[in-house]
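Chemist: Here are the chains, one letter per residue:
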Amino acid sequence: MRLATCGCVALVGVQGHLVQVEVHIGGMPGFVLVGLPDTALAEARDRVRAAVLCSGEPWPQQRITVNLSPASIPKRGTHFDLPVAVAVLAADGRLPAGVIDGLVLLGELGLDGALRPVRGVLPAVLAAHDAGVRRVVVPAANAGEARLVPDMQVLGATSLAQVVALLRGELLTDCASTGAVDDRAAPVGAPPGPGVAAGCRAATPAACPSTGDGRAVPDLADVIGQGNARRAVEVAAAGHHHLLLTGPPGGGKTMLARRLPGLLPDLRRHEALEVTAIHSLAGILPEDRPLVTRPPFADPHHSASRAAIVGGGSRLVRPGAAACAHRGVLLLDEAPEFGPHVLDCLRQPLEHGEIVVDRAEFSARFPARFLLVLASNPCPCGHHGGSATVCECTPDAVRRYTRRLSGPVRDRVDVTVWVKAPSLVEMRAGTARSESSGDVAIRVAEARERQARRLAGTPWSVNGDVPGPTMRRHFAPQPGSMEPVERFLATGALSARGADRVLRVAWTLADLAGRDRPGRREVLEAHGLRAGLAA
Amino acid sequence: MIGQRERRTWAALASVVEPGTPGIRQAVAEHGPGTVLAALREGRWEGGTGSALRRRALSADGSRVLESTRRAGMRFSCPGDDDWPAGLETLDVVGPKDEIGGGPLGLWVGGAADLAELVERSVAVVGARAATAYGTQVAADLAAGLGDRGWTVVSGGAYGIDAAAHRGALAVGSPTVAVLACGADVAYPRGNAGLISRARVEGAVVAELPPGSHPTRMRFLARNRLIAALTRGTVVVEAAARSGALSTLRWAHHLGRQGMAVPGPVTSALSAGTHQALRGETALVTGVGDVLDLVGKLGIDAAPAPRGPGRPWDELPPARLAVLEALPARGLRTVEDVSRRSGVGESDVRVELVELELVGLAEAAPAGWRLGQRARAARSADRHAARAAAEAADGRSIGAVDGGAPPGGA
Numbered sequence: 001m002r003l004a005t006c007g008c009v010a011l012v013g014v015q016g017h018l019v020q021v022e023v024h025i026g027g028m029p030g031f032v033l034v035g036l037p038d039t040a041l042a043e044a045r046d047r048v049r050a051a052v053l054c055s056g057e058p059w060p061q062q063r064i065t066v067n068l069s070p071a072s073i074p075k076r077g078t079h080f081d082l083p084v085a086v087a088v089l090a091a092d093g094r095l096p097a098g099v100i101d102g103l104v105l106l107g108e109l110g111l112d113g114a115l116r117p118v119r120g121v122l123p124a125v126l127a128a129h130d131a132g133v134r135r136v137v138v139p140a141a142n143a144g145e146a147r148l149v150p151d152m153q154v155l156g157a158t159s160l161a162q163v164v165a166l167l168r169g170e171l172l173t174d175c176a177s178t179g180a181v182d183d184r185a186a187p188v189g190a191p192p193g194p195g196v197a198a199g200c201r202a203a204t205p206a207a208c209p210s211t212g213d214g215r216a217v218p219d220l221a222d223v224i225g226q227g228n229a230r231r232a233v234e235v236a237a238a239g240h241h242h243l244l245l246t247g248p249p250g251g252g253k254t255m256l257a258r259r260l261p262g263l264l265p266d267l268r269r270h271e272a273l274e275v276t277a278i279h280s281l282a283g284i285l286p287e288d289r290p291l292v293t294r295p296p297f298a299d300p301h302h303s304a305s306r307a308a309i310v311g312g313g314s315r316l317v318r319p320g321a322a323a324c325a326h327r328g329v330l331l332l333d334e335a336p337e338f339g340p341h342v343l344d345c346l347r348q349p350l351e352h353g354e355i356v357v358d359r360a361e362f363s364a365r366f367p368a369r370f371l372l373v374l375a376s377n378p379c380p381c382g383h384h385g386g387s388a389t390v391c392e393c394t395p396d397a398v399r400r401y402t403r404r405l406s407g408p409v410r411d412r413v414d415v416t417v418w419v420k421a422p423s424l425v426e427m428r429a430g431t432a433r434s435e436s437s438g439d440v441a442i443r444v445a446e447a448r449e450r451q452a453r454r455l456a457g458t459p460w461s462v463n464g465d466v467p468g469p470t471m472r473r474h475f476a477p478q479p480g481s482m483e484p485v486e487r488f489l490a491t492g493a494l495s496a497r498g499a500d501r502v503l504r505v506a507w508t509l510a511d512l513a514g515r516d517r518p519g520r521r522e523v524l525e526a527h528g529l530r531a532g533l534a535a
Numbered sequence: 001m002i003g004q005r006e007r008r009t010w011a012a013l014a015s016v017v018e019p020g021t022p023g024i025r026q027a028v029a030e031h032g033p034g035t036v037l038a039a040l041r042e043g044r045w046e047g048g049t050g051s052a053l054r055r056r057a058l059s060a061d062g063s064r065v066l067e068s069t070r071r072a073g074m075r076f077s078c079p080g081d082d083d084w085p086a087g088l089e090t091l092d093v094v095g096p097k098d099e100i101g102g103g104p105l106g107l108w109v110g111g112a113a114d115l116a117e118l119v120e121r122s123v124a125v126v127g128a129r130a131a132t133a134y135g136t137q138v139a140a141d142l143a144a145g146l147g148d149r150g151w152t153v154v155s156g157g158a159y160g161i162d163a164a165a166h167r168g169a170l171a172v173g174s175p176t177v178a179v180l181a182c183g184a185d186v187a188y189p190r191g192n193a194g195l196i197s198r199a200r201v202e203g204a205v206v207a208e209l210p211p212g213s214h215p216t217r218m219r220f221l222a223r224n225r226l227i228a229a230l231t232r233g234t235v236v237v238e239a240a241a242r243s244g245a246l247s248t249l250r251w252a253h254h255l256g257r258q259g260m261a262v263p264g265p266v267t268s269a270l271s272a273g274t275h276q277a278l279r280g281e282t283a284l285v286t287g288v289g290d291v292l293d294l295v296g297k298l299g300i301d302a303a304p305a306p307r308g309p310g311r312p313w314d315e316l317p318p319a320r321l322a323v324l325e326a327l328p329a330r331g332l333r334t335v336e337d338v339s340r341r342s343g344v345g346e347s348d349v350r351v352e353l354v355e356l357e358l359v360g361l362a363e364a365a366p367a368g369w370r371l372g373q374r375a376r377a378a379r380s381a382d383r384h385a386a387r388a389a390a391e392a393a394d395g396r397s398i399g400a401v402d403g404g405a406p407p408g409g410a
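Chains as they are written, first to last, in the working numbering: chain Z, 1 to 535; chain H, 1 to 410.
One thing to keep in mind: the hints can contain errors.
As the list claims (entries may be wrong) - Quick list of simulated restraints, FRET-style, between CB atoms: (1) H:Pro189 - Z:Gly312: 36 to 44 Å; (2) H:Ala171 - Z:Gly312: 25 to 33 Å; (3) Z:Ala360 - H:Gly191: 51 to 59 Å; (4) H:Gly360 - Z:His341: 37 to 45 Å.
As the list claims (entries may be wrong) - Only part of the chain Z face toward chain H is listed, based on derived beta-carbon distances under 10 Å: (5) Pro378; (6) Pro380; (7) His384; (8) Leu524.
Treat the hints as calculated values from the structure; they're not laboratory data.
The beta carbon of each residue, even a glycine, is placed where N, CA and C say it ideally should be.
Please build the complete structure, drawing on both the sequences and the hints.
Modeler: Here you go:
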């Protein structure tokens with residue numbers, strides 16, 4: 001047979017499109033790759049040839065035409081190496097007829113024939129599954145990730161030789177990720193044979209995802225004192241309210257923010273898959289924990305570029321920090337130091353929960369529904385408004401510094417709190433009774449459940465997402481309990497938008513307290529958390 | 001109650017005589033409406049036998065007027081009726097002004113409500129037609145505030161301030177009275193037709209002219225005296241230097257009613273008239289509280305009384321008082337600090353601080369809390385009083401010191 005076809009997946013953002021890799025052999029020796037490949041893909045020709053030869057297979061001395069169809073979708077990345085190599089071998093008659101029909105292969109090849117892990121395996125396999133494919137071959141290091149997709153037979157391999165052996169039926173089981181390290185260390189170009197099988201481990205196709213916590217999230221029990229800020233963090237976690245922490249340097253703003261993910265409930269299955277797909281694309285998925293089950297945390301440095309936050313890149317569009325924080329926490333430490341255009345580009349994800357990266361040929365979409373935490377000094381020197389050290393900034397500098405945060409991003413902040421370094425007294429008094437993250441997380445989980453029940457049938461599941469007008473119309477507090485807010489409105493101490501914020505936070509406080517609806521007490525405390533200050 | 005026959009006479013008279021014609025009301029009071037109507041018909045009034053007034057009087061037919069009034073869905077009210085507003089009597093007592101004067105000979109009223117009752121507690125809110133956004137907002141807020149407290153807002157149904165005033169009152173579900181310079185069935189200006197018809201449903205539309213009459217310059221001026229007379233006071237929200245609203249204000253002063261004006265930017269031509277008025281006997285008002293202080297009856301309508309001679313923190317619940325006492329007059333204290341000093345739990349402190357902020361006893365800054373303006377003022381007054389008392393005591397106790405040091409002294 002001089003013609004062979006197998007499948008691969010082209011990724012645009014987290015969206016995958018099934019691509020047919022067609023190979024035809026015939027004519028004068030040569031190699032042509034057509035169908036909108038990018039540079040990395042065009043280089044596949046050289047890698048594939050070397051890999052095939054190093055795997056002990058002959059390279060057909062005729063004209064090889066590779067077509068990636070449909071040709072209209074731009075194809076990016078190195079994961080087309082494996083399907084191209086396998087299709088070439090199949091077209092050359094080196095594989096049993098029909099064995100690659102309906103098979104999707106992903107993976108980058110080394111010159112030695114080693115199969116290297118690639119990014120975006122989960123979204124690619126999800127797309128293949130949606131297209132009706134039930135069998136995939138992936139690099140062994142990505143096998144765990146690919147197995148998250150239910151009802152899919154995943155074959156993990158560490159080299160092209162192994163893939164060939166598998167397809168020829170010489171190898172009965174695939175190679176699991178644990179064997180990967182050993183295999184890569186094995187002599188390159190090792191001929192396929194029973195010896196390789198020793199390095200492979202049988203794995204059930206639907207392997208259980210790891211549920212472990214992995215990276216340790218610091219515990220809230222480490223924070224001494226800071227009762228007010230702890231309360232703000234708890235409220236932010238419970239109602240998904242974006243949070244602004246202000247205060248002098250060394251007060252513990254970052255410390256508190258880092259503990260926020262630990263208060264959020266575990267990701268649900270579909271959320272976990274979304275997050276894992278993004279992390280897979282970003283290449284930050286740890287090999288041993290293919291499924292992200294805990295809310296992620298991202299804290300880009302304030303020198304970060306726009307592309308680093310929203311995602312970018314001309315070839316395979318990488319998700320930025322905002323997308324990587326999807327269903328988790330995005331901390332902008334020293335928020336006013338971020339470039340104004342960088343802060344502005346958070347507007348879209350804050351409003352719509354997704355990021356669209358537009359390129360000339362395509363638009364990549366990433367879900368990005370994160371809990372935003374802004375940490376800010378009160379002024380450039382950091383001591384304005386504090387008591388310990390005298391601020392050296394001019395009044396104008398202070399004003400300009402705080403104004404850098406104004407605008408659409410700050411509008412979205414529901415809870416604002418001042419974080420002061422604990423005094424000596426507090427340190428002595430507070431050591432014994434600091435509550436741990438676990439205790440707070442239980443309350444947060446209960447509050448979230450209450451919200452989910454109340455908001456069932458609406459597009460929202462947390463108070464922080466409910467728009468002001470809907471809040472006012474459908475979720476009125478106890479009669480008369482908004483009276484303080486009306487008085488603050490009348491005196492101009494509160495803006496209309498601030499009043500909406502107070503109501504939203506008051507609902508979360510009621511949810512935390514297990515009350516049916518907020519009363520005067522909740523409304524007052526919500527205002528006290530300065531829910532309304534950021535006008 | 002007035003007999004049908006007499007009512008017909010009043011109606012004929014009122015439909016013939018131009019509003020605000022001086023002297024005619026006195027003549028009616030002296031001789032009765034029938035005699036005056038007869039005199040008009042015989043040409044024994046100013047202008048003699050050839051006057052237009054006589055011609056109109058001759059063709060006037062009271063029963064036809066009443067019939068057309070009924071057809072227009074209105075009623076005719078005349079002096080002596082139960083719902084005749086008592087405030088109009090003042091017009092007969094004071095003299096004419098700018099060739100206009102005297103009470104009306106009758107009123108055409110649209111709307112089911114009792115007019116006398118409606119204007120019993122009422123304030124006129126009037127002003128420029130070409131009002132600014134500031135003016136319309138102030139007028140609407142003021143009217144809504146008055147409505148909220150059970151006061152009726154009376155205005156002229158014109159564009160700008162008048163419309164905002166009516167709208168503000170209607171917005172809080174309070175009745176409002178529109179006094180028109182045309183027939184009460186004529187929606188003038190046309191653009192306010194919807195508003196005027198709402199005023200008619202929820203309050204009343206009043207005119208001194210029979211149905212179908214059109215407004216003229218003199219009728220506007222005559223109408224202004226009615227607005228001033230019907231109400232306890234007139235507030236001008238915005239008025240240019242030569243605004244008709246100022247004539248209402250002058251009538252209010254002339255009638256011994258309270259004249260009030262809302263200041264505006266000194267650069268605004270639309271506030272030039274109000275500022276001019278404020279330099280005279282007109283009182284400056286900034287909100288509904290100010291207005292009610294001026295027009296309310298002593299003891300009945302008094303604005304929420306100042307909290308008496310006691311200090312603002314008297315009668316606070318113990319926890320709130322403890323929180324208040326933990327607040328610094330200068331510098332700031334965090335919630336944690338306040339909680340430690342007061343012995344009140346942090347979550348209660350958060351709530352009590354906002355309660356205190358509501359009444360001006362606490363103030364929030366980004367970095368913490370301190371005593372509010374009211375508490376600081378009261379505290380420093382206390383301190384002055386204490387110092388004065390101590391000085392007085394020192395003066396008296398010189399002899400005592402000689403006799404022996406007080407315990408714990410020196």
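Chemist: If a hint holds in the structure, say so; if it does not, say that too.
Modeler: Consistency of the hints with the structure:
1. H:Pro189 - Z:Gly312: 36 to 44 Å: At 59 Å between Cβs, range violated.
2. H:Ala171 - Z:Gly312: 25 to 33 Å: 51 Å, violated
3. Z:Ala360 - H:Gly191: 51 to 59 Å: Hint holds: Cβ distance 53 Å, inside 51 to 59 Å.
4. H:Gly360 - Z:His341: 37 to 45 Å: Once the Cβ atoms are compared, 42 Å apart, the range 37 to 45 Å for Z:His341 and H:Gly360 holds.
5. Pro378: 7 Å, holds
6. Pro380: 16 Å, violated
7. His384: At about 9 Å, which falls below the 10 Å cut-off, the nearest Cβ of chain H leaves the hint on Z:His384 intact, so it holds.
8. Leu524: 4 Å, holds
Violated hints for the displayed structure, listed by number in ascending order: 1, 2 and 6.
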